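Asker: If you want the building blocks of each chain, they are given just below.
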Amino acid sequence: MSVRRPRWAGAVVATALAVTTAACSAGAGKAAAPAGEKSFAVGVTTYFLSHFTPGKSVGSNIDYALFTPLTTVDASSGKAVNALADSIETADNVTWTIRIKQGWTFHNGEQVTAQSFADSWNATAYGPNAMTNNYLFTGFKGYTDLNPAKGEPSAKTLSGVEVVDPATLRVTLTKPLSLLPYMLAQTPFSPMPKAAFTDLDAFDRKPIGNGPYQIDGQGLSAGTTKVTLRRFDAYQGQQGDAATIEAKSYQDEAAAYRDLQAGNVDVTLVTGNNLTDAAARFKDRLVQVPFPAVMYLGFPLWDERFSDVRVRQAFSHAVDRDTIVKSLLRGFGQPAKGLAGAGVPGGGAADCTACTYDPAKAKALLAEAGGWKGPLKLWTFQDPLNTVLLEAIGNQLRANLGIDAVTTQAQPVDQLYPNLGAKKIDGPVLLYMGAGYPHLYALTDQLFTKGNATNVTGYDDPDFVKLLDRAASAPQEEALGLTRQAAKVALDGLPLTPLFQPVGGLAHTARISGVRPEFLGGVVLASVKVG
Amino acid sequence: MGRYALRRLFMAVPVLLGTTFIIYLAVYALPGDPIQALAGPNRVLTPSVEQALREQHNLDEPLLVQYGLYLAGLLTGDMGMSLTGRPVSEVVAAGWPVTFQLGVTAWLFMAAIGVLLGTFAGMRRGKLADAAVLGGTTVIMGVPFFVVAYVAQIVLGVNLGWLPVSGTEAGWPLAYVLPGLVLALYGLPQVARLTRTSVLDNLGADHVGTATAKGLTRRAVMVRHVLRNSLIPVVSLLGVSLGYLLSGTVLIEGIFNLPGLGYQIFTAIPQHDGPVVVGVGTLLVLVFLLVNLMVDLLYGILDPRIRLDLD
Chain A
3 MSVRRPRWAG AVVATALAVT TAACSAGAGK AAAPAGEKSF AVGVTTYFLS
53 HFTPGKSVGS NIDYALFTPL TTVDASSGKA VNALADSIET ADNVTWTIRI
103 KQGWTFHNGE QVTAQSFADS WNATAYGPNA MTNNYLFTGF KGYTDLNPAK
153 GEPSAKTLSG VEVVDPATLR VTLTKPLSLL PYMLAQTPFS PMPKAAFTDL
203 DAFDRKPIGN GPYQIDGQGL SAGTTKVTLR RFDAYQGQQG DAATIEAKSY
253 QDEAAAYRDL QAGNVDVTLV TGNNLTDAAA RFKDRLVQVP FPAVMYLGFP
303 LWDERFSDVR VRQAFSHAVD RDTIVKSLLR GFGQPAKGLA GAGVPGGGAA
353 DCTACTYDPA KAKALLAEAG GWKGPLKLWT FQDPLNTVLL EAIGNQLRAN
403 LGIDAVTTQA QPVDQLYPNL GAKKIDGPVL LYMGAGYPHL YALTDQLFTK
453 GNATNVTGYD DPDFVKLLDR AASAPQEEAL GLTRQAAKVA LDGLPLTPLF
503 QPVGGLAHTA RISGVRPEFL GGVVLASVKV G
Chain B
453 MGRYALRRLF MAVPVLLGTT FIIYLAVYAL PGDPIQALAG PNRVLTPSVE
503 QALREQHNLD EPLLVQYGLY LAGLLTGDMG MSLTGRPVSE VVAAGWPVTF
553 QLGVTAWLFM AAIGVLLGTF AGMRRGKLAD AAVLGGTTVI MGVPFFVVAY
603 VAQIVLGVNL GWLPVSGTEA GWPLAYVLPG LVLALYGLPQ VARLTRTSVL
653 DNLGADHVGT ATAKGLTRRA VMVRHVLRNS LIPVVSLLGV SLGYLLSGTV
703 LIEGIFNLPG LGYQIFTAIP QHDGPVVVGV GTLLVLVFLL VNLMVDLLYG
753 ILDPRIRLDL D
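Taken in sequence, the protein lines are chains A and B. Here the numbering used here runs 2 ahead of the position in the first sequence, where the first position is 1. Here the numbering used here runs 452 ahead of the position in the second sequence, where the first position is 1.
Hints are supplied without guarantee of correctness; some may be wrong.
Selected chain B positions facing chain A (in silico; Cβ < 8 Å) [what the hints assert, rightly or not]:
id	residue
1	Ser500
2	Val501
3	Arg538
4	Glu542
5	Asn681
6	Gly706
Far from chain A, by Cβ distances over 10 Å, these chain B residues were calculated [claimed, not checked]:
id	residue
7	Ala457
8	Arg459
9	Leu461
10	Arg495
11	Pro514
12	Leu515
13	Leu526
14	Leu580
15	Gly588
16	Thr590
17	Val591
18	Ala657
19	Val675
20	Val687
21	Ser688
22	Asp755
Listing some non-contacts, in silico: residues in chain B with all C-beta distances to chain A over 10 Å [unchecked claim]:
id	residue
23	Leu469
24	Tyr480
25	Gln488
26	Gly532
27	Leu655
28	Thr662
29	Lys666
30	Gly667
31	Met674
32	Leu749
Note that these hints are calculated values from the structure, not bench results. Note that the structure is predicted; figures quoted are calculated from it, not measured. C-beta: ideal position from N, C-alpha, C; glycine also.
Using the sequences and the hints given, assemble the complete structure.
Answerer: This is the structure we're talking about:
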């Protein structure tokens with residue numbers, strides 16, 4: 003870590019403001035790493051440092067440094083491979099037998115056993131604990147006993163999670179899901195040691211994990227802007243290179259990027275307008291990060307003006323995705339040909355036939371469907387980039403479909419989603435959706451399955467349901483094909499039209515290498531090489 | 453004097469109560485739902501978790517009951533729990549030293565530079581220096597605050613590398629120079645201009661003429677007879693400015709990534725984190741009131757006539 007020393011400011015300021023008090027100068031001390039130790043600093047947003055308990059964590063790169071779940075998704079093959087699991091077996095995709103590797107310990111020396119997983123999962127699944135990742139366990143048998151619609155829970159443990167012996171866990175789901183190994187790759191499915199349960203709040207701030215790095219120092223506290231990680235030398239997996247890592251938190255990615263330029267952090271995720279600047283400034287030290295997400299325009303299927311699929315197709319054909327990506331995103335994005343980009347297992351297919359730019363066809367389709375009546379309102383959530391994008395889309399619709407009265411409106415996220423749920427939105431809505439876990443199935447399920455809170459268009463199609471159900475109960479290879487078919491069916495129905503898959507960048511200093519992105523875009527901390 | 457101070461202190465109670473209620477109302481009236489904000493755009497909260505969270509934070513109660521529970525907590529010294537699960541008292545304890553250092557730094561800059569420029573301009577009325585001060589302060593007043601902040605950050609911090617760009621790691625005073633300077637610009641024009649006017653008024657006053665006629669040195673006339681009298685209105689402005697500076701910390705701490713009270717409000721508002729906004733906001737109001745009280749008391753020290761009137 004190199005803090006660039008200001009050249010003249012020190013002396014001048016010290017004389018100008020020689021009224022310093024003891025209180026003022028306290029707390030400035032910087033815990034320097036011992037000489038010779040490899041160390042680097044990473045910039046993250048405060049969101050990444052909100053909670054560390056697996057049940058509340060967001061799945062950031064810090065979480066992955068602190069915890070190692072059962073599986074991990076291999077970036078090159080896109081397959082879920084075992085991490086802490088020795089084997090994961092199933093005959094029917096409902097009942098799973100998971101054997102756990104021996105000899106792995108938590109940072110406090112406690113053995114990681116089947117019980118450690120069961121304890122952690124039960125805590126997250128128990129409704130009154132109010133853990134935000136609770137929803138991940140809805141498919142586990144016994145979930146409703148822990149989360150009744152009314153009244154007190156009748157159980158504190160999931161009946162679908164049984165500890166057979168210290169090395170064996172048996173998981174029972176309510177319906178088949180062949181992609182369970184992908185789900186298990188998320189940090190919310192990490193184990194927790196016994197010590198966690200004596201004080202869950204303290205654990206949240208200073209977790210005892212089982213990952214390649216442990217918390218050094220006090221961990222999270224109010225006003226924390228820095229968390230120090232120290233390499234866990236007893237780690238059984240791939241050891242990290244740096245002995246210590248400083249994770250500094252920022253209000254947003256732009257603030258972190260400014261500090262990267264000033265030389266105070268070594269690597270940070272760059273998004274939005276700063277990407278162009280970073281591409282020029284950092285050149286080959288900017289690693290592209292394809293997010294497993296899609297930016298899409300959703301249609302309010304409850305609005306009768308959108309009930310004809312030809313109208314939706316017309317809208318979809320009227321949007322010039324290439325130009326939007328090239329001019330507004332300066333190339334940092336993949337114009338959508340389908341739901342997910344090639345970076346997501348199952349993605350990369352051109353399963354959206356209406357995603358081509360064809361203004362003539364758009365106009366013809368709209369005319370065929372009886373034309374457009376009345377004003378058109380476009381919606382999105384409050385975000386500087388979204389607002390610009392929505393204006394551009396509005397202009398293209400105006401020009402290509404001949405709709406005169408186009409207006410846009412942005413609402414806070416937490417207002418827009420309830421309004422969508424209540425079907426109060428009266429026009430197409432520009433939204434972002436990230437895959438819950440790295441698989442096309444996750445994105446498809448989140449966007450198109452009826453009853454999912456993230457299915458905002460109200461899409462419901464029996465053919466789609468059948469295909470996705472078949473995908474869930476088929477072996478993994480077959481599931482991939484069936485998921486693609488399901489996605490194709492949904493995109494033919496076109497409740498929403500994908501616009502582009504967002505791309506970010508990891509900019510880094512010359513003193514580190516081995517920079518590659520984690521699922522949410524943060525750098526994989528354990529694989530960074532220093533020097 | 454003592455009775456006056458005490459009376460003023462008691463008057464602060466209804467003001468504080470009213471403030472907390474208004475801030476509470478404002479947070480409550482924000483469009484959107486705090487629990488939904490907590491989940492973020494990409495996650496789903498299950499009904500059981502939503503219910504548990506609502507109960508934990510009393511969000512299932514009517515507004516007045518919520519506020520009553522909050523007040524009751526305050527009386528027992530409990531500032532409540534932030535929506536993200538940290539005690540607000542902890543947030544405040546961690547944040548105030550940063551805000552205090554920033555506020556003091558900015559205030560010192562504002563007082564020193566403002567008074568200096570004002571006196572300078574006043575003594576050279578109509579000359580180039582005077583015009584420069586008047587013109588410069590007009591420009592400062594016209595440029596939005598955050599623009600100055602970003603430009604200063606990018607030019608002085610990133611491109612020239614003279615000063616830390618963000619964070620408190622460099623300690624006081626270094627880490628606070630850049631944000632302090634930008635924050636000082638907030639009240640600087642007013643201080644400089646008021647000082648200038650005040651100096652001009654006093655330069656033409658009879659007692660100054662008398663003092664000069666008595667053969668006192670120019671220096672003695674300026675310090676004892678012009679500046680001392682000129683500073684009375686300036687001190688009151690400086691006091692009030694400290695309060696405004698505190699409100700400016702919300703933006704400045706957000707931009708410069710300083711984890712103070714302003715930063716906490718900056719992050720808490722979009723999350724509808726009522727307990728944090730109300731707790732920290734009330735604290736800032738309290739400081740504002742105390743500063744005003746101190747200014748009034750300082751008045752009495754500078755001008756005996758005011759002191760005598762008060763008792």
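Asker: Determine for every hint whether it applies to the structure shown.
Answerer: Results of checking the hints against the structure:
{"no.": "1", "hint": "Ser500", "verdict": "holds (3 Å)"}
{"no.": "2", "hint": "Val501", "verdict": "holds (5 Å)"}
{"no.": "3", "hint": "Arg538", "verdict": "holds (5 Å)"}
{"no.": "4", "hint": "Glu542", "verdict": "holds (4 Å)"}
{"no.": "5", "hint": "Asn681", "verdict": "violated (25 Å)"}
{"no.": "6", "hint": "Gly706", "verdict": "holds (6 Å)"}
{"no.": "7", "hint": "Ala457", "verdict": "holds (24 Å)"}
{"no.": "8", "hint": "Arg459", "verdict": "holds (30 Å)"}
{"no.": "9", "hint": "Leu461", "verdict": "holds (24 Å)"}
{"no.": "10", "hint": "Arg495", "verdict": "violated (6 Å)"}
{"no.": "11", "hint": "Pro514", "verdict": "holds (19 Å)"}
{"no.": "12", "hint": "Leu515", "verdict": "holds (18 Å)"}
{"no.": "13", "hint": "Leu526", "verdict": "holds (18 Å)"}
{"no.": "14", "hint": "Leu580", "verdict": "holds (26 Å)"}
{"no.": "15", "hint": "Gly588", "verdict": "holds (19 Å)"}
{"no.": "16", "hint": "Thr590", "verdict": "holds (25 Å)"}
{"no.": "17", "hint": "Val591", "verdict": "holds (23 Å)"}
{"no.": "18", "hint": "Ala657", "verdict": "holds (32 Å)"}
{"no.": "19", "hint": "Val675", "verdict": "holds (21 Å)"}
{"no.": "20", "hint": "Val687", "verdict": "holds (17 Å)"}
{"no.": "21", "hint": "Ser688", "verdict": "holds (22 Å)"}
{"no.": "22", "hint": "Asp755", "verdict": "holds (25 Å)"}
{"no.": "23", "hint": "Leu469", "verdict": "holds (25 Å)"}
{"no.": "24", "hint": "Tyr480", "verdict": "holds (14 Å)"}
{"no.": "25", "hint": "Gln488", "verdict": "violated (4 Å)"}
{"no.": "26", "hint": "Gly532", "verdict": "holds (13 Å)"}
{"no.": "27", "hint": "Leu655", "verdict": "holds (28 Å)"}
{"no.": "28", "hint": "Thr662", "verdict": "holds (36 Å)"}
{"no.": "29", "hint": "Lys666", "verdict": "holds (35 Å)"}
{"no.": "30", "hint": "Gly667", "verdict": "holds (36 Å)"}
{"no.": "31", "hint": "Met674", "verdict": "holds (22 Å)"}
{"no.": "32", "hint": "Leu749", "verdict": "holds (21 Å)"}
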